[in-house]
Each structure stands twice: as structure tokens, then as C-alpha cells.
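Student: Chain A is already provided as a structure; the job is to place chains B, C and D on it using the hints.
Protein chains: 4
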Amino acid sequence: MCNICTPEIGELLKDAPKNWGKWGPEDEVGSLNYLGAPQVLAAMASVRSGKLFTLQVPMADPKGDPVWPGRRGAERYQIIDEGHWIGGKGPQFPGGQHYADDAISAYLQGSTQYDALGHVWYDGQLYNGYDAKTTIGGLQKASVQAIAERGVVGRAVLLDIARLRGKPYLDKGETFSHLDVLAAAAAQKVEIRKRDIIVIRTGFIESYYSAGASAFFADFVEPGLTYSPELVHWFHEMEIPNLVTDTMANEVTLDPVSGVMLPLHGALMRNLGVAFTELCNLSKLAADCAEDGQYDFLYVAAPLKIVQGTGAPVNPVAIK
Amino acid sequence: MCNICTPEIGELLKDAPKNWGKWGPEDEVGSLNYLGAPQVLAAMASVRSGKLFTLQVPMADPKGDPVWPGRRGAERYQIIDEGHWIGGKGPQFPGGQHYADDAISAYLQGSTQYDALGHVWYDGQLYNGYDAKTTIGGLQKASVQAIAERGVVGRAVLLDIARLRGKPYLDKGETFSHLDVLAAAAAQKVEIRKRDIIVIRTGFIESYYSAGASAFFADFVEPGLTYSPELVHWFHEMEIPNLVTDTMANEVTLDPVSGVMLPLHGALMRNLGVAFTELCNLSKLAADCAEDGQYDFLYVAAPLKIVQGTGAPVNPVAIK
Amino acid sequence: MCNICTPEIGELLKDAPKNWGKWGPEDEVGSLNYLGAPQVLAAMASVRSGKLFTLQVPMADPKGDPVWPGRRGAERYQIIDEGHWIGGKGPQFPGGQHYADDAISAYLQGSTQYDALGHVWYDGQLYNGYDAKTTIGGLQKASVQAIAERGVVGRAVLLDIARLRGKPYLDKGETFSHLDVLAAAAAQKVEIRKRDIIVIRTGFIESYYSAGASAFFADFVEPGLTYSPELVHWFHEMEIPNLVTDTMANEVTLDPVSGVMLPLHGALMRNLGVAFTELCNLSKLAADCAEDGQYDFLYVAAPLKIVQGTGAPVNPVAIK
Amino acid sequence: MCNICTPEIGELLKDAPKNWGKWGPEDEVGSLNYLGAPQVLAAMASVRSGKLFTLQVPMADPKGDPVWPGRRGAERYQIIDEGHWIGGKGPQFPGGQHYADDAISAYLQGSTQYDALGHVWYDGQLYNGYDAKTTIGGLQKASVQAIAERGVVGRAVLLDIARLRGKPYLDKGETFSHLDVLAAAAAQKVEIRKRDIIVIRTGFIESYYSAGASAFFADFVEPGLTYSPELVHWFHEMEIPNLVTDTMANEVTLDPVSGVMLPLHGALMRNLGVAFTELCNLSKLAADCAEDGQYDFLYVAAPLKIVQGTGAPVNPVAIK
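Sequences listed follow chains A, B, C and D, in order.
Taking the working numbering, I'd label the letters of the first sequence as residues 6 to 325.
Taking the working numbering, I'd label the letters of the second sequence as residues 6 to 325.
Taking the working numbering, I'd label the letters of the third sequence as residues 6 to 325.
Taking the working numbering, I'd label the letters of the fourth sequence as residues 6 to 325.
This is chain A alone, in the form it adopts within the complex:
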């Protein structure tokens, strides 16, 4: 890539809209503020059959977890199990019960996860204008704990771009825009309403499980949404609180037009405060939606309340 012709993201987004200050100088949850009690109540109407779907990928899989290059998959360590009693080391509690215990070592952005609004920034400022130095040693501002304390409940719509394009999963680096999202909605006969949670399926993470890790990471470039001023405007106008996808970064790795890496993290998350939920496995949900034709649902998710965390794992629930 030619760094000379790639603009700084601050330059690229110099006219882009911001929601800073909109919910007060201390706000840390951004566009999730769009999800008030009326939205919660309205979302209940999307529950029609009582079907449930959980959207997290497996975590600490002995066969390996899919994580962004440079991160490391979660590791689970056994602390105690029946072996301790077989080996004569198990504690003898009154009544004699046995138990198993374990521990985990994991990147907080190493599974299906919510980004803190302060996870990515530029020009020395996070979402809502917080100083980038507040990130040192842990997020003093706009950490994932704020999102976790609040919880996320609302009406969500699945947009199945892979299905729209007639393929099991998008190609590496394949892009789409909000117009494709709208086209998917039209094809699926589902309405995207203001303040809906947008759930986009590319099928990409499914290829990790079907094609294997080697193929998945070879020449690694994720497919995804790609930046345009119009797309940002659409998210802004529609007051989208939360973008949920089945890729690690919710957008194409490199914007093919500007060359900027992950510009929607700047435009949507840092500037508008849109919450990002990444790396969901949407395969079962999408298959069910295709079968019963219902693409809207009640979405309930609350990441772990990691104090000062840059993100936290989550297992979102879709209720149809």
C-alpha cells in the first residue's frame, strides 16, 4: 500500500457528523442512548414463536479460537477435577462432594465481543472528546463497563448479505454498502426502522469452521461494510444504536477507496458512538430466518462488566 496517498483518518472524516456531547459530557455509551424504554417495549412485538438463538462463537476451544492476527485465542486451565481425588489430592469436604474448577486467560477482544467506545480513536480524542491519555493502563472513560452496566435490548434486523449474493460467505475483502443492506432488507421483506439494531451476516466466520484456520487466515482481509460519507449519514439519520456482524472488525479491513484501515471504527464508533458487536456466528439464526421469513427479533446482550476494559466477551441472545 502507498502510505503517501493514504490520508490521515482525521482528514478523511473532517466533515463527518459527531454525537459528542449529545448525551452530556459524561456519557460513555453513545448511541445506545437511542434504546430507551419505548424501544424496549416496542421490541417485544418481534417475539412471535419463542425461538432462541445464542450468537457467540465457542471460546477457549482446544482446537483454537478465531482471533485477529496478533491476538491469541483464549486458553482454559483446569484447576481441579475428579483426577485430584483419584490421585489422593482432592479436598475432603463435610459430606464428601467433589467438584471441578477452571480458569481462563484470554484477550478481551478475542471472542464475540463488545468494543468499548474508547477502543479505537484518532487525533488524541476518544468518543465524546475524552483525552486519549485516559486509555493508559485501562480505559478511564468510555470503557466497556459502561455498556455492560446498561445492557442492550432492542428490536434487531438480520441483513443476510451472503444470502443476497447467493454465496455461503463473502470473499476476502469483498465489500458492501448501506445500499446493499437496504437491498437485503427489501429482498427479505423486512423493514429497517429507526433505532433498530443492525445485524449483518457475511458468513465469513462460518468459513473459519468449515474451511479451517489456515484458509481463513491466508492473505487475511475481512469482507465487510465499506466507508462512504453517505453510509455514515445513513447510520446517523437512522440513529442506529448497535452494529452487529459476523466478522472480527465489523467492516472491511482496508477501505479500498481511501486506503485507510478500519475507518468505520472512527466514523461510527468514535464519532457517532455506535456500539460494535463483533464476531457473532449468525448461521443458525440466518437459516431460521430464511425458513420462517421473519428477519426481525428481540436482541438482548450484555457484555461482561470488565472494569476499564477495552472490550468484553458477550453471548448475545436473539429471541423470535
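Note that these hints are calculated values from the structure, not bench results.
A few of these clues could be false.
All copies of an identical chain are treated as equivalent in the list; a pair is satisfied when it fits inside any one copy or across any two copies.
Lysine-lysine pairs mimicking DSBU-like chemistry, simulated, CA-CA at most 35 Å apart [to be verified]: (1) Lys94 <-> Lys27; (2) Lys94 <-> Lys68; (3) Lys289 <-> Lys138; (4) Lys94 <-> Lys199; (5) Lys289 <-> Lys19; (6) Lys194 <-> Lys138; (7) Lys199 <-> Lys289; (8) Lys138 <-> Lys19; (9) Lys172 <-> Lys27; (10) Lys56 <-> Lys194; (11) Lys177 <-> Lys68; (12) Lys138 <-> Lys23; (13) Lys289 <-> Lys56; (14) Lys199 <-> Lys56.
Tutor: Relative to the frame of chain A, chains B, C and D by itself:
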């Protein structure tokens, strides 16, 4: 304690009911099977005002997490933050965005968490009769992943025992029975229905935050439900899928009658397959219920999908 | 590989010598007992010029550590540094000093390391006849702590097999025997004495740094010593206390004759109690020996005193 | 403490000597440069009987490790052991050997350890003048790796201050000076020579094991050397390369005269480049010295080569 007169738990529970085999020989989620689509749909009726509550305690708090003695609180490690760019070490991505990343090391039973049904056992068998040797090196059977893949959605009822007894939190070792639970329901004017998720507040974890860790752990004995054949019978008859409390073990540490440690783990979890959600902070939810008089709500929770895990952290959501 | 024709190691070694009981039923350090005060004193004669060499490979390298497939390289986490003060979070101590702190997460066999004598076994028994069930949850017997409490000091001889064969490093799977070791000694004009520490250079780990990780791990089979009854006899007769090499397993991965994996771990470590020091980088030491012609030296090493550890990292020192 | 009257350490040490630049602008090992080949050779004369002592405290002890408040003791995790084969999960290697593996999570300053010269600083500069910002995210300069690559070999002298004062261990906060060190040498009839490694016993860490952790940490203030310009001058003149003690910080926690915390870290380590080895257990060595009257010995130590580490665990070896 007199170990001589303390019976083995297998002896104590020799006539106790079991749900083994009820949902097939491969079942790993037990009484959560009681929560089918009809229960999910019915639960929506408990959503009346659109208020949300998240029930996890903070995790990886630099001031320390409350964990069972012998376990260790979660630790968060910073991987990268604005300091790296100040020090000249931050990566230079196209477009120039900065970011923060972190990792965690934690006991899987070290925060608000779901126990796997295979977490505790006796007489060499887990829930559904699985061999205890299947726990070695990670739960091959009845791991928390099974619960996490399913998700938990249903009507829940808060029973505020601390409020019933007119105290901010129960004393150490203070016990109560299902009759107290029913008395709380009556006092609160809420009906406990079959297949309801039972959420019990003792206030105990709140004392960790108000009175401090030293006081909390001094002569550590949790208050809680205490074993009786009648209590087990009640859970069985009522087909309770999930017991949620604000203590680490969901029951009094030592049964004052038999001397057995944590017998409800055997009677309810191992034998009946009741899911245990432990260490929730119910203070805000309870205050709101006391104010608006609505003690039932939609409960949505899905622990992390830890492969072979003995438990997994969770941030349950209550929607009123 | 044909498992049908590969014998069980107990069959392969059924007539092999054992040192079990030789140093008492509670011994946990095996052939290191050969290194008594006379050997320590005699070893001082190998110090002639005052040159030092440290033999560990770098650990927790951000570029990655060389570890056996299935293990994971060490990770270092920053706890605090000058960034905390820049960000306003650093503690203010009387007098105002600043400091940096960090932590590590590592496999205990994931760097240059001593194996505990109980690290590998067969037929249900460890070195000295200890029951294999004593390994459950941590080595109750023959842990690395025993070696660490003792320390290792003696005369060592470097045998440079790569140099003998005129190559920078042996090929993958390339083997050699004790006769080659003796040939190297002859070529180097150095005498191998009874109770000498044997230090063997294959150059293999150097290829990790020169050729890169991908090439190193492609079709991974380490070169090394290969099993024969005569080789075992030679170690036994020579009373070799410690075998030190620059490969991860101190022997060829698969014995090409029998098909057995790592048989010298059984024959030398489990049966004779020979201490294994693995994954040293011998490049600087070997270059110096080639230059000054002195291939013997004082060897001083003490792994970390990891309680119940299966192994522990070490940074051995060679003094010429 | 009165912070108003406590000077900044830069003020306290404004006239103190520095060795910055003495060994070049790229030097990272400081006073260890005093230990050249002549010193190594001379040290061999201190080996008279062939007795060995290892000086590390046990690490990852299930009963707990002694660590500075705010740090956490090392934890060892079992990865695999005989239980896996009992449970039917163990891998089946050709020949059928079994093995045990484990991992560790530890503070790098959480056991007997070498401080990197860049571990503590003031006024924005580390040893040799390196910018404090080079510590961000890992020590770019003066990390422990530099010391580990070099290794430490020299003549050492044990000064037993506890014995001098006729007590098993010094009281909390009890101080002594270089004059006491000289008095101990005189009482022990041992000469301290230029460039000797100074090993000081207070007995303090022994009290952790004899009196228990609660007593050890109650009103925690370590005993130790205390600052004076004369003491710094003595270390400078004597060209002491390495200060080794049995406390966590090698000096009294708070200087009772100035109120400054750990001023010798500034005066000796940062300014003079004296290597600090902390938390050795000297009980066996001291008992032996008292018995045979030999207080000098060959000291050999090499911490782990932790890349960018602020410190690294070590198991020093004393050879008499």
C-alpha cells in the same frame, strides 16, 4: 464440626428425586428444558415498563473482586494504549488510528456465573449419570457450553428475603427455606408459577461493597437456602429451571442440620439438573421492585460458551 | 507410522538398566547425585580464562519464542510504566520515584529448561518407581523443585556434532549416536570423563533464529541422539548426570528404528535419572570453543524452584 | 508521614555520584562491568570444599509466595498429567509414553529476582540517562535481558547482620548502614574486597516461613540498609557490582531520615548501576558459613532472559 456425625451426601440424599434420563441420555442442560417456546412467549407478558437491569458484579476491579476463598479475582492486563504512541512504539496503521487492547486472567467461577451441571458431584456420577472421570482435564459432559449454546429466557420472580426480614442483608450463616421464599412471594404479592426462574436476594454480596472485603470474608459463611427433603420436593414439583441468587454458592455454606457442605448442589444441580446462577448483584433490581411493586420480569442470560468449562461468567439482564 | 509394528516402550526397554533405589527410596534428583563435592572441586580446573556464556534462549520475545508444537510461547504483560504517570494514574510515593513492573504467562517447558525427572514416564511409574498418579495436579514426587533446590555444578564438555559434520545445523530428523559423540570428542581433542555433563550442539535451535519460525516448524522433526541399548549402556557406565542440548527434546523426535517417540526420555531420564536440559543456544559457546580449542568448562545451572513443577526455565552459565 | 517535609529524591541525591556514560552510551548492565575475566578467575579461589547452596525461595507454592503488597504470587497450572489417561483423554504417542506439562502466571518481580537497571527511576531518566518513556510497554533500554545475557559470576561475601545483632531476623523497619556491614565483616573475619558481590542477610524472609504470612505482612515495613551519602560513597569507591539480600527491596522501605521511599534504588541502581538481587533465602548458606567460618564464596547467577523485562526470577548458586 464433627465429621463423625456428618453423613456422606449420598446417604443424605438417598431417597431424593432425580431427573436423570428425563431428557434423554445425552442431555446436558437439565431443568432448563422446562423453558420451551411457550414459557418464552409467556414471559414477555412480564415486560411492562421497558426498564432494564444488568445483574453481574464488576469484574477485574483493580480494588479486588469478591471470590470464594481459594479462588483469585480476575486480573486485567493492558496490551496496548495511547502510551505506546507516546513512547514511540505504537504501530502505524494506514490512516493512523490508535487503539487500546487488553487481556484477562480469571477463574471461570470468579464472578457472576453459571455453574455447569457437571461442576459438583458425588458418588462418582455427575448430572444425568455421567462418569466423574469425564471431568478430568475439562468437562466432556454437562459443561457450561451446553447451557451457553441454549441460552436462558423465561419469566423470573424476585424473592427479597432480606427485605422480608427487614435487614439490608442476611447475617453470616443465616438460613431460610422454600417456605420463606413463599412467604416473601406472599408479602410481595407476586405469584410463583411453575417453571419460573427463582431469583433470591439475601443482600449478602452488597455487604462486600458496603462493609468491605475484610468484614465480608471474616469467619466466612454465606447465608442462604438450606436443605430439607421438602425444599427439594418443592423445586421438583414446581419444575424450577434456574436458581439465581446474590451469594457465591446459592445456599448456606454448611447445612446446620446435617453438617454437609453445599448439599443443594447435589440435590438440585446434580440430581434435578437445576441451573445455578451465582453472585448476582440484585440491589438496583430489588429497589425498583420495591418501588413499583412489580416483582416478576423477563430474564435473559447466556453465559460465555467456554468449551469444556465448569462454569462461565455471565451478565444476566432483567427486563420489566 | 505403523502403530502395529511399533513396540510399547516398556517392551523396547525391558532389559534396560535402571538406577531406581540407588540413592534411596525418596530420591528425586537421580544421576545428579553423581555430582558430589569432589566433582564440583575438580570442575574448577576447567576455568582458565574467565570467559562467561549464558545458554538460555530469549524468553517472551514479542516476535515469538520457539516452543514444541502444542505449547505456547511465553507472554509478558506490562503492569505499570512511565505511561501511568503521563496519564495521571501513577502512584505518588514519598520522594516521587517511578517504576515499571510486569508479569509473565508461560509454559514451564516453553524455554530453555530442566525437565523434572517425573516429566515423562511409562507403565504407570516415574523415576525411582513413584506411582504415575502422583503427577495428578502437580508432581508430588520427582518435581523440578528437587533439582532446583540442589543446583547443578560440574565439569561439562561441549560436543559439536554440527561442526563435526561440517554443517551449520543438522537436518530435520538427522540422528547420531554416542559413537558420534565420542568421535566429536576425539576431533575436538577433549576427553569425556566419568560424571561429566554432556553438552551437545546440533545447531538446530540456531536455525529458528536464522531461517525463521515457518521453516523451523515445517514438517517438524527434531534431529538428535537416537536410541540403542549400547548408547544407554554408555550413559550408564559413564555415570552421566546431565544431558544438555540445543533441541527441545534432547533426542530425535521419533526413533527411526523402533518407531517409538522420544525413547531416551524413558531410557535415560525415567530409568537412569539423567537430568535433561533442553533448548540451549550454544552458538556463542561453540564458536569460542572452536576458536580457543577449549571444549571443557565449568557448568553452573539452577532452574527455578517451581513447587510441583514438571520443569522450569533456566539460564545455564558456562565458565571457561 | 509528612509529605510536606519529604524531599523529592532528585533533591535528596542532587550531589550523588553517577556512573552514567562510564561504560558507553549503550551500556545496560552498569556496575556488573566491574566483573571482568580477572574477577571471575579470582573468584575461583573461594571454592574450597565443593559445597553448593541455591538461594531462590520456592515459587508458585500452593500455600502462597511472599510478594510485595500489590503484586500477586506465582500460580502454576496443570496442563496434562496421568489423570488424562485415566480419563481416556491422554494422547496416544508411538510407544505409549505419558507425560505431565504445566504453565505459570507470575509477576516478574514476584520471587527471588534481578531488577533490570531500568526498573526504578526519577526525573524522567533511567540508568545511563535513558528516557523514562522507553519503559512504556516494556523496557527498550536497560531491561533485565541485558543482565541475563551477561550472567553474573564473582567473589561474594555474606554479611550476616541478623547474626551480628544476635537475633533470628531484624525487626520491621530496623535499619543498618555500611558501617554495620563492615562491622559484620570484621566479626566474621572476612575481608570485603573491591568489586565483591555483597550478600546481606537480615533473616527477614525466613520469618515469612517461620512466623507466617499474616505476621509477615502486618504493618509491612522491611528492615534493611538505609541511605546516607557516605554509604553511597562506599558502594561507589568499592565498585560493588551487585547487592544481594533476603528482603524484597534490598533496603528499608522508608528512609527514616528523609522520609523518601526506597532511595537506594535511585542512588545505587539508577545512578551507579548496581545490580539488585532481591528476596534470596540465605538461611542454609548462613548456617554453613557460621559453622565452617568461610563467608566468601563463588557466586553464579543468571536471571531468565525476559525480553524487555523489568526483572526476572533467578535461582542464584553459591559455591564454597
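Student: None of the hints should be skipped; say for each whether it holds.
Tutor: Results for each hint:
1. Taking the closest pair of Cα atoms, Lys94 and Lys27 come within 35 Å of each other only across two copies (28 Å); inside a single copy the shortest separation is 59 Å, beyond that limit.
2. Proximity of Lys94 to Lys68 under the C-alpha cut-off of 35 Å is found in both arrangements, the shortest distances being 29 Å within a copy and 14 Å between copies.
3. Proximity of Lys289 to Lys138 under the C-alpha cut-off of 35 Å is restricted to the inter-copy arrangement: shortest distance 32 Å between copies versus 42 Å within a copy.
4. With identical chains, the CA atoms of Lys94 and Lys199 are never at most 35 Å apart, being 59 Å at best within one copy and 40 Å at best between copies.
5. Neither within a single protomer nor between protomers do Lys289 and Lys19 lie at most 35 Å apart by alpha-carbon distance, with minima of 40 Å and 42 Å respectively.
6. Taking the closest pair of Cα atoms, Lys194 and Lys138 never come within 35 Å of each other, the shortest separation being 46 Å inside a single copy and 51 Å across copies.
7. Proximity of Lys199 and Lys289 under a CA criterion of 35 Å is satisfied in both settings, with 26 Å inside one chain copy and 30 Å between copies.
8. When the C-alpha separation of Lys138 and Lys19 is checked against a cutoff of 35 Å, the pair qualifies both within a copy, at 22 Å, and between copies, at 31 Å.
9. In the homo-oligomer, the alpha carbons of Lys172 and Lys27 never lie at most 35 Å apart, since the shortest distance is 41 Å inside one protomer and 41 Å across protomers.
10. Proximity of Lys56 and Lys194 under a CA criterion of 35 Å is satisfied in both settings, with 20 Å inside one chain copy and 30 Å between copies.
11. Taking the closest pair of Cα atoms, Lys177 and Lys68 come within 35 Å of each other both inside a single copy (23 Å) and across two copies (26 Å).
12. In the homo-oligomer, the alpha carbons of Lys138 and Lys23 lie at most 35 Å apart both inside one protomer (20 Å) and across protomers (33 Å), since each shortest distance falls under that limit.
13. For the homomeric pair Lys289 and Lys56, the shortest alpha-carbon distances inside one copy (11 Å) and between copies (29 Å) are both at most 35 Å.
14. In this assembly of identical chains, Lys199 and Lys56 lie within 35 Å of each other by CA distance both inside one copy and across copies; the values are 24 Å within and 20 Å between.
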